[in-house]
Amino acid sequence: MGHIKLTIITPTTQYHAEDGDLVTVTSKSGSEGFMAGHVPTVVAIVPGPLRYRLISENETNKEPEWRNFFASVGYAEVSPTEVMVVVTAAELVEHIDVERAQRALERAEKRINNPAATERDLIHGKHAIRRAKARIHVVELYGHMLQKMEQKKKRRK
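With the sequence shown counted from 1, adding 106 to any position gets you our numbering.
There could be a bad hint or two in this list.
Taking lysine-lysine and the PhoX-like style, the derived pairs with C-alpha atoms no more than 20 Å apart in a straight line are [claimed, not checked]:
{"#": "1", "residue 1": "K239", "residue 2": "K134"}
{"#": "2", "residue 1": "K216", "residue 2": "K239"}
{"#": "3", "residue 1": "K232", "residue 2": "K216"}
{"#": "4", "residue 1": "K134", "residue 2": "K232"}
Keep in mind that the hints were calculated from the coordinates and are not lab data.
Could you build all of it, start to finish, from the sequences and the hints given here?
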C-alpha cells in the first residue's frame, strides 16, 4: 500500500502529515476518498468531515487509526502522492467546542429568521448554519473514537 501526504492550509494554520494511506473529504456529491496513485484532480469541498487514515507502525494493530477534522469550504488538489486541502477553517475533532458551535447555530438561525434580515444576512446566516451543523456532526460521528484512542493509550502504559 502506498503512502499519501496530507497538507491542510487555512488562513491561520497549516497541518502536515506524511504517514497515511487514505484521505477523505466532503464534496457536494458526498464523501470522496483518495489513495496514493490517484489521478490528479481538484475537488470543491463543502463543510463536513475530512479524514486521514494513518499507516500503523504496529503490524498487529488491525484497527486503523484516523485523524478526523471538520473542514469548511475550499478545495482539495489531489496528486498521486499528496492531497493539499485549502479551506477557510479546519479543526481536529478534539479541538471542536460543541457548545460554541451550538451558540453559533442559534445566532445564525436568529439572523435568518429576523424579519428585517437583508439578502446578505440570509446568505451569511445560511452559511453559518451549515458550518455549525457540520462541526457538531463531525463530533457526533467521530468524537467516540477519541475515547477509544485514550483507552488504548492507557492500556499500553
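Broken hints, numbered, in rising order?
The structure breaks none of the hints.
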